[in-house]
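Peer 1: What follows is the residue order along each chain.
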Amino acid sequence: MDAVQIEEAEIETSSKIIRIALAGNPNSGKTTLFNALTGSHHRVGNYPGVTVEKREGYRNYKGYGFLITDLPGIYSLTAYSIDEMIARDFILEEKPDLILDVLDSTNLERNLYLCLQFQELGLPLVAAMNMTDEAKSKGIQIDTDLLSQSLGIPMVKTIGPKGVGISDLLDTVIAVVEKRNTLKKYPSYGGEIDPLIDSLAEILAGDPHFAPPPRWFAAKLLEKDPAAWERAAKHRDKTELLAKVQEKVAWIEKHFGKKAEIILSDQRYGYIHGAVKEAVRKEPLSKHTLSEKTDKILLNRVLGLPIFLFVLWGVFKLTFTLGEYPMLWLESLFAGLTGVLESLIPPGIIRSLVVDGIVGGVGGVFSFVPLIIILFFCISFLEDTGYISRAAFISDRFLHLFGLHGQSFMPMILGFGCSVPAIMAARTLKSKRDRLITIFIIPFMSCGAKLPVYVLLAAAFFPRNAGNMVMLMYIIGVALALLASLTISKTVLKGKSTPFVMELPPYRLPTLRGVLWHVWEKIWHYIKKAGTVILLSSLLIWFITTFPAPPPADSVQVAETGQISAPLTQQRQEEPDLLSYSFAGRIGRVLEPVVRPLGFDWKIGVATITGFAAKEVIVSTLGVLYKVGAEETEESESLREAIRQDSNFSPLTALSLMLFILIMPPCFAALATVKAETGWKWLGLMIGFSLALAWIASFIVYQTGSLILALL
Amino acid sequence: MTLKDLYVGDFFQVNQITLEGEIGKRLADMGFHEGVRGEITRCALLGDPIAVRILDYDVSIRKSEAAGIEVQRLGSRLPLGRRHRGGWRRRGKGRRGYGCCTD
Chain P
0 MDAVQIEEAE IETSSKIIRI ALAGNPNSGK TTLFNALTGS HHRVGNYPGV
50 TVEKREGYRN YKGYGFLITD LPGIYSLTAY SIDEMIARDF ILEEKPDLIL
100 DVLDSTNLER NLYLCLQFQE LGLPLVAAMN MTDEAKSKGI QIDTDLLSQS
150 LGIPMVKTIG PKGVGISDLL DTVIAVVEKR NTLKKYPSYG GEIDPLIDSL
200 AEILAGDPHF APPPRWFAAK LLEKDPAAWE RAAKHRDKTE LLAKVQEKVA
250 WIEKHFGKKA EIILSDQRYG YIHGAVKEAV RKEPLSKHTL SEKTDKILLN
300 RVLGLPIFLF VLWGVFKLTF TLGEYPMLWL ESLFAGLTGV LESLIPPGII
350 RSLVVDGIVG GVGGVFSFVP LIIILFFCIS FLEDTGYISR AAFISDRFLH
400 LFGLHGQSFM PMILGFGCSV PAIMAARTLK SKRDRLITIF IIPFMSCGAK
450 LPVYVLLAAA FFPRNAGNMV MLMYIIGVAL ALLASLTISK TVLKGKSTPF
500 VMELPPYRLP TLRGVLWHVW EKIWHYIKKA GTVILLSSLL IWFITTFPAP
550 PPADSVQVAE TGQISAPLTQ QRQEEPDLLS YSFAGRIGRV LEPVVRPLGF
600 DWKIGVATIT GFAAKEVIVS TLGVLYKVGA EETEESESLR EAIRQDSNFS
650 PLTALSLMLF ILIMPPCFAA LATVKAETGW KWLGLMIGFS LALAWIASFI
700 VYQTGSLILA LL
Chain G
0 MTLKDLYVGD FFQVNQITLE GEIGKRLADM GFHEGVRGEI TRCALLGDPI
50 AVRILDYDVS IRKSEAAGIE VQRLGSRLPL GRRHRGGWRR RGKGRRGYGC
100 CTD
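If you read the sequences in order, they're chains P and G. Read in order, the letters of the first sequence correspond to residues 0 to 711 in numbering that gives the first Met the number 0. Read in order, the letters of the second sequence correspond to residues 0 to 102 in numbering that gives the first Met the number 0.
One should not assume that every hint holds.
[Unchecked claim] If you want the footprint, here are the derived chain P segments under chain G, 3+ residues with CB under 8 Å:
{"no.": "1", "stretch": "71–83"}
{"no.": "2", "stretch": "106–119"}
{"no.": "3", "stretch": "392–406"}
If you are wondering where the hints come from, they were derived from the structure by calculation, not from laboratory data. Just so you know, these numbers come straight off a predicted model, no measurement behind them. C-beta atoms are modelled at their ideal positions from N, C-alpha and C, and glycine is treated no differently.
Using the sequences provided together with the hints, build the complete structure.
Peer 2: Encoded structure:
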């Protein structure tokens, strides 16, 4: 779904278009610079074939149209992580007119390491010396001109958040593209390795059909880059080439006594160090930076954990306390909308479709959007300050015990909001194994949609301990997530634990714009799914609960169900005729033997089935089934009353049902995301595993509970 | 001597990375190159992972990775009595129980 398309009309027709790839290390201020460059003119899409976000923006300047593609933040151009491969493929396949590399001037050497690899690619390159203000306050003085001369890379000083240096940057880009600024140079690996690279580059250049830049590719071959070796097989003189590479690798390893890939890194850093030594002056600051002081407290070995737990508690407290109000407003808004629509549309199938099917289904979803927004706001805020990396640092040891990774922490927390963006957030995990395990357990974190169901059941059957029951469900979910992770990492995904090499970026005060942008990115996935998958599934549910209509004699009140004000007892006598006639009722009856041992009757069975589409739909299905109106919410007295009076529905049934809903496969939207991120095999495994576990857990709880109750 | 054998507050200089494949390359890319100097800045509650400062930035690695980085110790920021490796360390020679070290 490569949906990024900047309308041509938005770019001035007369202008010459320059396609720019914006690259840089994570935390180099790349996103801020991207925003400063493009203003609000950007689109978000995906890179084709992979699920990594692709942002594109444009800018008109001095008669040129700049099309800027934001590449993922990376440290190097190896083929080891998805992000790096995307950046690499984008540059090699799409051949942008220019690479704009963002450098964090407070951490120049590591940032230049990536920059030099871009230089080797041979494409026009401009470096933005970003965050010069921060460098200055850290006592780092950079002679940008000198550095630019010695490395042969045009460099411009910028301060992303203030928009300083943007026009300088664009002027330099134009000059480089128009070849008015021709600094052409390749980085050196030292007197011993340079000739080796030259001779390999010569062979590589021998095949005119072989696309990758020879010098860069030669270095990658010496680094034993798996993707480069694979690609080398396509070269015309592949036998000669690979033999030469092997010979040279062997020579390097013998001569230096180390692995060739390490030597190349060492040499590259050596070259950078030489250049930086000339151009950068560091005044040793005696006082600790604010970031260090903050870490002294937040990462303190005694205080770190309590602070971490307190922050976590605070996030949840804020989410659920603050989220309650807008949730109620939205619910009343949708109730009002239902009222208006009912007065506009005459009773009948259309009204039922619009009111129960569309408004009821999608409205139910939107009512907990505020909750998700607040949670995501808190997490994005923490992410932008740099605390999430610290949280990963603190929790890694614990999560590692269960086969997880410190960086699984953030996706897991997002899972309490909505599984869809949480599953997508698992992309931050570099190794495939860690990603799969994390995605697998995210559905066990009770998402926002499960909350209304818990609240309804807990309030109806455990009125005195409702809050505790809901809490218990969340805790059971986390415990199951950890156990599931442990199981899967010891069985299906058995393997060596993956490395944990993670930058702890300096603390930064997040900008409101940045945080809101992150919230929007996450919430957007959710709204998109709600608009498509959830709309479709609520229509499907409406269909199976409405059709086929019962014979005319019984159908007098089908469309009027919401309005019936007759006593509940009377309604209950009518309803089996109506619903058992529908597809849903029939499915429910067929499945009753399967769910009976869990304490569910056919009605609960039907409600649970609709829960496959989306969990919050369970509430509205119960509303339909108990004839109290589909627009019922978990707060409504009538539905609570109705299920409490059902003799088939005991507190034990409620507990068993809550457990089943907690564990059962996530909603269609989440399943679609799992499929997109991992593939069919994992989707199948996830559905099978959670269905089996849900059934077994509910079975044990219900049967044991019944036994105990019988004995009492 | 590897990075794993050092204490919080110790300065070091990297000799070489002995880890193979992806992880070795990643550490090298992140700046653990021959001759680079750094400091162990802190360790997590149970002594793992540890945080290291190299090239003007902080990076956290697990002790299993630290064991694959050969270093030379260059002295310490902290006096001997306050050095620690993190984790629950046995105090003294006898079996007098375990205690957590402090920063």
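Peer 1: List in ascending order the numbers of the hints, as given earlier, that are violated by the structure.
Peer 2: Checked against the structure, no hint fails, so every one of them is satisfied.
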